[in-house]
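Asks: Spelled out, the chains give:
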Amino acid sequence: MQIATRIAGLATSILWVFLLLFSVTAVYSIKDLQFSFGEPKIIIATGNELIFSLPINVSNNGYYNIGLFNVTTEITDTEGLLVSPPSSTVTPTIGKGQKVTILHNTSLNFQDLLNGKHNYLFNDTELKVAVSVGMKIAELIPVQASANLSIPWGAPLFNLTVGETEHIAINLTHVRVVIQVVFENHAFFDVSGNLRVCLYDGDILVAENQTAIEAPQHSPYKGYVELCVPAAAISSAWHFEMYVLTPFFNYGPWNPYGK
Amino acid sequence: MENEINEHKLNLRKLMPRALKAAIKGVLLCAVYLGLQFLLAPIYRIAPSLQQILETFVAVYIALTIIATVIAGTIYEHFFSLARATFVVSYLVLSFKDGIFGADFQNVRLIIDFRLFLAFSMLLGLLEFAKAMLHTVDYMNSKLES
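Listed in order, the protein sequences are those of chains A and B. Just so we're aligned, residue 0 is where the first sequence starts under numbering that gives the first Met the number 0, counting upward by one. Just so we're aligned, residue 0 is where the second sequence starts under numbering that gives the first Met the number 0, counting upward by one.
Please keep in mind that the hints were generated in silico from the structure rather than gathered at the bench. Do not take every clue at face value.
[Claimed, not checked] Heads up, simulated DSSO-like pairs for lysine-lysine below, C-alpha to C-alpha not over 27 Å straight-line:
| id | chain 1 | residue 1 | chain 2 | residue 2 |
| --- | --- | --- | --- | --- |
| 1 | A | Lys135 | B | Lys8 |
| 2 | A | Lys135 | A | Lys95 |
| 3 | B | Lys96 | A | Lys30 |
| 4 | A | Lys98 | A | Lys30 |
Please model the complete structure; the sequences and the hints are all you need to start from.
Replies: Take a look at the structure:
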């Protein structure tokens with residue numbers, strides 16, 4: 000019996016040492032994990048979607064492999080409503096001494112974002128990003144780090160205004176109406192598309208035209224839309240509606256004078 | 000009187016190797032702990048509460064080991080061995096709670112799941128408890144036989 004208990008004692012001691020060394024070196028390995036972020040890219044996808052592609056460089060200098068390395072992001076607005084669905088990128092294994100670059104993509108559907116919330120078009124605000132990085136150290140011990148970040152949101156049509164309309168008589172029957180449109184693109188993407196203007200006399204469409212708009216990111220835009228309008232249509236009941244049509248979003252009708 | 004002095008000397012002679020063994024065990028355990036401290040230093044910066052947990056654990060564990068070694072050969076040795084095994088299991092359960100350890104740095108929350116470590120430690124603690132129990136039964140048996 001003594002021999003059996005002695006062997007059991009020896010086995011317990013060896014297992015304790017093994018367990019302690021393994022646990023300590025595994026947790027210590029977290030220190031030797033290095034992360035760096037590459038230049039984020041914005042990709043335009045079909046269906047009014049913007050895809051943010053963030054390269055994450057992971058260098059595993061620890062003693063063990065890393066299993067199930069995953070990055071999850073979730074974007075919400077200032078009121079906590081989900082703007083973009085949670086997106087995850089999972090890498091099954093990162094071997095020890097290995098350096099890998101993981102591309103984490105988060106999509107943002109612009110049309111969904113604007114549904115009922117047009118202030119994103121006109122007002123600068125901020126979005127909340129919940130980032131979570133999880134992994135299994137030595138493919139056994141789960142570790143997770145999470146953070147909440149705020150990213151500024153620049154309005155693509157900031158301070159959209161219509162300047163004074165100019166009426167120039169072409170002939171006795173027609174008038175050329177020139178509408179000046181001004182806005183600042185505060186967004187992180189270029190606004191390019193068309194600006195469509197429809198002029199109504201009461202409920203009757205009397206003229207329409209569109210012009211191409213090209214506003215690089217963080218730059219002001221000033222453009223004109225010209226309409227050839229029958230002189231008889233220029234009455235007190237006239238009003239016009241504007242539409243902004245871009246690959247990311249469509250906005251309109253917008254009545255600048257609220258008539 | 001002389002007999003008493005001789006008996007006292009004999010007891011001292013018996014105690015000396017045990018005390019030496021206890022001292023060696025204590026020094027070895029301290030050395031292991033100090034070695035681990037070197038590895039754990041960066042983790043303590045992340046989780047200072049872990050240091051407190053481990054320090055208390057190691058102090059009590061070493062004290063119980065030394066006492067059990069010094070009084071080896073008596074029934075009390077087995078009491079202390081059982082107490083040490085019980086302490087390991089109960090302290091791990093009480094200090095690690097659900098086995099999920101969380102820490103905050105600025106706006107980053109770090110969560111480490113120690114449940115697997117906790118399960119293995121408890122199993123080893125129970126194994127040690129069983130071993131101490133067998134030792135006690137064996138000791139009682141040998142006492143009855145003699």
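Asks: Below or equal to 27 Å on CA atoms is what counts here, so check Lys96(B) against Lys30(A).
Replies: With a Cα-Cα distance of about 25 Å, the restraint between Lys96(B) and Lys30(A) holds, given a limit of 27 Å.
Asks: Within 27 Å, alpha carbon to alpha carbon, are Lys135(A) and Lys95(A)?
Replies: holds, 13 Å
Asks: Would you check the hint for Lys135(A) and Lys8(B), treating anything up to 27 Å between C-alpha atoms as holding?
Replies: violated, 59 Å
Asks: Need the status of pair Lys98(A), Lys30(A): alpha-carbon distance at most 27 Å?
Replies: This hinted pair holds, its Cα atoms lying about 15 Å apart.
In this structure, the one hint that does not hold is number 1.
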